[in-house]
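Trainee: Here is what each chain is made of, one letter per residue.
Protein chains: 2
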Amino acid sequence: MFAAMELGGTKTVVAIGESDGTLIEEMRFPTTTPEETFLKAIKWFSGKGMPEAMGIAAFGPVQINPKADNWGDILQTPKAHWSGFSITKPLLAAFPDMKITLETDVNAACLAEARIGAAAGLENVAYITIGTGIGAGVLCDGRLLHGALHPEFGHVLLPRKSGDDFKGTCPFHGDCLEGMASGPAIAQRWGTPGGDLSPDHPAWDTEAWYLAHGIQALLAIAPPERVVIGGGVSQAQGLHEKTEALLRELAAGYFPALENSPYVVPPKFDQEAGIRGALMLTGF
Amino acid sequence: MFAAMELGGTKTVVAIGESDGTLIEEMRFPTTTPEETFLKAIKWFSGKGMPEAMGIAAFGPVQINPKADNWGDILQTPKAHWSGFSITKPLLAAFPDMKITLETDVNAACLAEARIGAAAGLENVAYITIGTGIGAGVLCDGRLLHGALHPEFGHVLLPRKSGDDFKGTCPFHGDCLEGMASGPAIAQRWGTPGGDLSPDHPAWDTEAWYLAHGIQALLAIAPPERVVIGGGVSQAQGLHEKTEALLRELAAGYFPALENSPYVVPPKFDQEAGIRGALMLTGF
Chain P
21 MFAAMELGGT KTVVAIGESD GTLIEEMRFP TTTPEETFLK AIKWFSGKGM PEAMGIAAFG
81 PVQINPKADN WGDILQTPKA HWSGFSITKP LLAAFPDMKI TLETDVNAAC LAEARIGAAA
141 GLENVAYITI GTGIGAGVLC DGRLLHGALH PEFGHVLLPR KSGDDFKGTC PFHGDCLEGM
201 ASGPAIAQRW GTPGGDLSPD HPAWDTEAWY LAHGIQALLA IAPPERVVIG GGVSQAQGLH
261 EKTEALLREL AAGYFPALEN SPYVVPPKFD QEAGIRGALM LTGF
Chain Z
21 MFAAMELGGT KTVVAIGESD GTLIEEMRFP TTTPEETFLK AIKWFSGKGM PEAMGIAAFG
81 PVQINPKADN WGDILQTPKA HWSGFSITKP LLAAFPDMKI TLETDVNAAC LAEARIGAAA
141 GLENVAYITI GTGIGAGVLC DGRLLHGALH PEFGHVLLPR KSGDDFKGTC PFHGDCLEGM
201 ASGPAIAQRW GTPGGDLSPD HPAWDTEAWY LAHGIQALLA IAPPERVVIG GGVSQAQGLH
261 EKTEALLREL AAGYFPALEN SPYVVPPKFD QEAGIRGALM LTGF
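Taken in order, these protein sequences are the chains called P and Z. In short: position in the first sequence from 1, add 20, done, that's my numbering. In short: position in the second sequence from 1, add 20, done, that's my numbering.
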C-alpha cells in the first residue's frame, strides 16, 4: 500500500493508492495550523494500515533536497505558523519505517500530467498553475527539475505588454509574471475577479501575453514538448488557445518543440493532479 | 586513451587526454567545409592510435538526443554547407568501435567549469557565452539539461531597459537577449565593437541589464548556484560584477541561490572549457 499527501496552501489531501497514480481512497480537508493538519493526516493514515512508502507534494518554499540538513522544512513563508515547520518529522515519528519522497506540489502535478494526463508519454513537460500565485513544475529529460532549491517560475521578469502600466502585485518584484498575471493581479488590474470577466474581455489578451512570454522563457531554458496550464485562472474559456497562438507568433518558427500541436493544453486532472503525482513519487 | 573534439562555428579543436578533463595533446584549426574539417580531424586522431571513446562538443542546432533517428546531425543552420551534415557518421566510419558522446559546445563548457573550473564542485551551474551569438549550457541537479532538442538561451525575451529603443539584431526575434546583447548587437547599437569601448561606457550598463534579466530567468526556471559568463564580450572589465550587482537588485532577496557569493564569475578556462568538457563527456 502506498500513501500520498498533498499539502496545499488552503487544502490538504491524503490518499492511499498505487504508485502508477491510481487512487484507492482519499480525504480532503482545509490546511490549518501545522500541528492540527498533520494530526488529522496521521490519524487518517493510521486507520489504513502501515504505508510502506509515501509521496508528499507540498507548497513552497520547501527544502526538497534530501542531502540538506533541513530536508522537509517549510522555509521562510508569509503563511502564518508554517515557517520552519518540518513536514517529514511528524510523519516519520508516526511511521518510522516509511520511505518518504518529497516534492513541490507543482512538480508532483507535472509528473501526473506527464505520465497519465494531458502530456502522457512525454519526457519534457511543464505544468503551470495560475491561482493566488503562479508556479511551475518542470519535467526535463524525464526528471523533475530542482536546481538550487526549486524553480520559482512565477517570479520571472518579462517584457511588458505595450500600453500596460499596471505596476504589478508581487511584494518582491512588482511586475514579475505572478505580479502581472496571478488571480489577485487580474482582480486588482480590472477591478473584477477573472471569474467574472467575459471570454472576450481584453483581460485575457493581457493574460495570454504574460503567459506566452513565460512559456517562451521555458522554451529557451528547459524546452518542454508540451505545456499544461491549470489552476483557477486557467479555466477562462479559450485562454490556452490564445496563449498558444501568441507564443507561436513570438517564437517566429525558431523552436522545434513547437512543432507539437496542441502545445498549450489544460490539465487532465486539475484537482487530482497533485495527489496522483504524490502517489507516483513512491515509485519514481 | 580518450579523444575529444570541439566543433565550433569558426574553429575546431581536437585533443586526446583523460576523462577528468586533463589535456595530453591538442590541435586547433579553422572550421571550413564539413568534409575538409572532418578529414583533418580524423587524420589527426588516426595518428594518435585508436581512441576507445570520444566526447564531442558541437555548435548548434544539433540533434544530441541519442534516441533520435537523426542523432548527430547538424540541423537547419544559416552556416553554409552544414545543414543536415552528420557529425557522428564520418567519425564512426573511421573508428567503428568508438563510443561517441555528443553534447552542445556550451553544455560541454559548463561541465568543465562545474567540475574543475570556476564553479568546481557545484551541481547547479549555468555557463553563458557571449560572442557572435549568446548561448548557455546548464547543469541542473548534476545533469546537463536538454529538453526538447536543447536550450536556446540566447533567444529568451526580456524586459527592455528604460529608454532603450534599439530594435535588436536577431533575424527571428529582434530584441531577444542575443539580439540586444551579443557582440554584433553591441557593435551595431554603439557604432563601435565592444572591444573598443572603455569600461565606463554606458554600453556596459545596458549589457549588464540584459544579462542580469537573462540570469533572473535561469534562476526562476533551473536555479543555478553560480553562473559563469565567458566568450569574447565577457572580457569587458567589470562586466561580471556589474551584472551580479544588478541581478541582486532585481531579485530583491527572493532567490536563496543568490546567497552564494560571488555568483556571476568569469570562466577559469575560457578557450579550453569546451575541449576539456568534451573529454569529460567520455566518463559522464
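The set of hints was computed from the structure by calculation and includes no laboratory data. We put the CB at the ideal spot given by N, CA and C, even for glycine. Misleading hints may appear alongside valid ones.
Said to hold, decoys possible - Straight-line Cα separation of at most 20 Å, SDA-like style, residue types lysine to any residue; simulated pairs: (1) Z:Lys187 / P:Lys99; (2) Z:Lys87 / P:Glu143; (3) Z:Lys87 / P:Glu56; (4) Z:Lys262 / Z:Ala223; (5) Z:Lys109 / Z:Ala88; (6) Z:Lys181 / Z:Glu143; (7) P:Lys87 / Z:Asn280; (8) Z:Lys99 / P:Tyr274; (9) P:Lys119 / P:Pro86; (10) Z:Lys181 / P:Pro222; (11) Z:Lys181 / P:Asp185; (12) P:Lys87 / Z:Arg163; (13) Z:Lys31 / Z:Glu56; (14) Z:Lys87 / P:Asp184; (15) Z:Lys288 / Z:Asp40; (16) Z:Lys181 / P:Asp184; (17) Z:Lys262 / Z:Pro179; (18) Z:Lys99 / P:Gly273; (19) P:Lys187 / Z:Lys181; (20) Z:Lys181 / P:Lys119; (21) Z:Lys181 / P:Gly188; (22) P:Lys60 / P:Met118; (23) P:Lys68 / P:Lys87; (24) Z:Lys87 / P:Asp161; (25) P:Lys87 / Z:Gly141; (26) Z:Lys187 / P:Gly183; (27) Z:Lys181 / Z:Leu270; (28) Z:Lys87 / P:Ala277; (29) Z:Lys87 / P:Arg163; (30) Z:Lys288 / Z:Ala88; (31) P:Lys87 / Z:Asp220; (32) P:Lys187 / P:Ala140; (33) P:Lys99 / P:Glu56; (34) Z:Lys87 / P:Phe192; (35) Z:Lys181 / Z:Gly203; (36) P:Lys99 / Z:Tyr274.
Stated by the list, open to error - Some chain Z residues near chain P, calculated using beta-carbon distances under 10 Å: (37) Thr30; (38) Met47; (39) Leu142.
Trainee: Please go over all the hints and tell whether each is borne out by the structure.
Mentor: Here is how each hint holds up against the structure:
1. Z:Lys187 / P:Lys99: Violated: Lys187 of chain Z and Lys99 of chain P sit about 43 Å apart, past 20 Å.
2. Z:Lys87 / P:Glu143: holds (12 Å)
3. Z:Lys87 / P:Glu56: Status violated; Cα separation ~49 Å.
4. Z:Lys262 / Z:Ala223: holds (12 Å)
5. Z:Lys109 / Z:Ala88: holds (14 Å)
6. Z:Lys181 / Z:Glu143: Not satisfied, since the Cα-Cα distance of roughly 32 Å exceeds 20 Å.
7. P:Lys87 / Z:Asn280: holds (18 Å)
8. Z:Lys99 / P:Tyr274: holds (16 Å)
9. P:Lys119 / P:Pro86: holds (12 Å)
10. Z:Lys181 / P:Pro222: Given that 20 Å is the threshold and the Cα spacing comes to 26 Å, the pair is violated.
11. Z:Lys181 / P:Asp185: Given that 20 Å is the threshold and the Cα spacing comes to 15 Å, the pair holds.
12. P:Lys87 / Z:Arg163: The given pair, whose Cα atoms are some 16 Å apart, holds under the 20 Å limit.
13. Z:Lys31 / Z:Glu56: holds (13 Å)
14. Z:Lys87 / P:Asp184: Not satisfied, since the Cα-Cα distance of roughly 45 Å exceeds 20 Å.
15. Z:Lys288 / Z:Asp40: holds (15 Å)
16. Z:Lys181 / P:Asp184: holds (16 Å)
17. Z:Lys262 / Z:Pro179: holds (18 Å)
18. Z:Lys99 / P:Gly273: holds (18 Å)
19. P:Lys187 / Z:Lys181: Holds. Lys187 of chain P to Lys181 of chain Z sits at ~16 Å (cutoff 20 Å).
20. Z:Lys181 / P:Lys119: Not satisfied, since the Cα-Cα distance of roughly 49 Å exceeds 20 Å.
21. Z:Lys181 / P:Gly188: Given pair Lys181 of chain Z, Gly188 of chain P holds - Cα atoms ~18 Å apart, limit 20 Å.
22. P:Lys60 / P:Met118: holds (18 Å)
23. P:Lys68 / P:Lys87: Between Lys68 of chain P and Lys87 of chain P the Cα gap is close to 30 Å, so the pair fails against 20 Å, i.e. violated.
24. Z:Lys87 / P:Asp161: Measuring from Cα to Cα gives roughly 12 Å; hence the hint holds.
25. P:Lys87 / Z:Gly141: Satisfied, since the Cα-Cα distance of roughly 15 Å is no more than 20 Å.
26. Z:Lys187 / P:Gly183: Measuring from Cα to Cα gives roughly 18 Å; hence the hint holds.
27. Z:Lys181 / Z:Leu270: holds (13 Å)
28. Z:Lys87 / P:Ala277: holds (16 Å)
29. Z:Lys87 / P:Arg163: holds (16 Å)
30. Z:Lys288 / Z:Ala88: Cα-Cα ~34 Å, so violated.
31. P:Lys87 / Z:Asp220: violated (44 Å)
32. P:Lys187 / P:Ala140: violated (38 Å)
33. P:Lys99 / P:Glu56: holds (15 Å)
34. Z:Lys87 / P:Phe192: violated (43 Å)
35. Z:Lys181 / Z:Gly203: holds (18 Å)
36. P:Lys99 / Z:Tyr274: Answer holds: Lys99 of chain P to Tyr274 of chain Z is near 16 Å, not above 20 Å.
37. Thr30: Given a least distance of 22 Å, the restraint on Thr30 of chain Z is violated.
38. Met47: For Met47 of chain Z, the interface hint is violated, since the closest Cβ of chain P sits about 33 Å away, which is over 10 Å.
39. Leu142: holds (9 Å)
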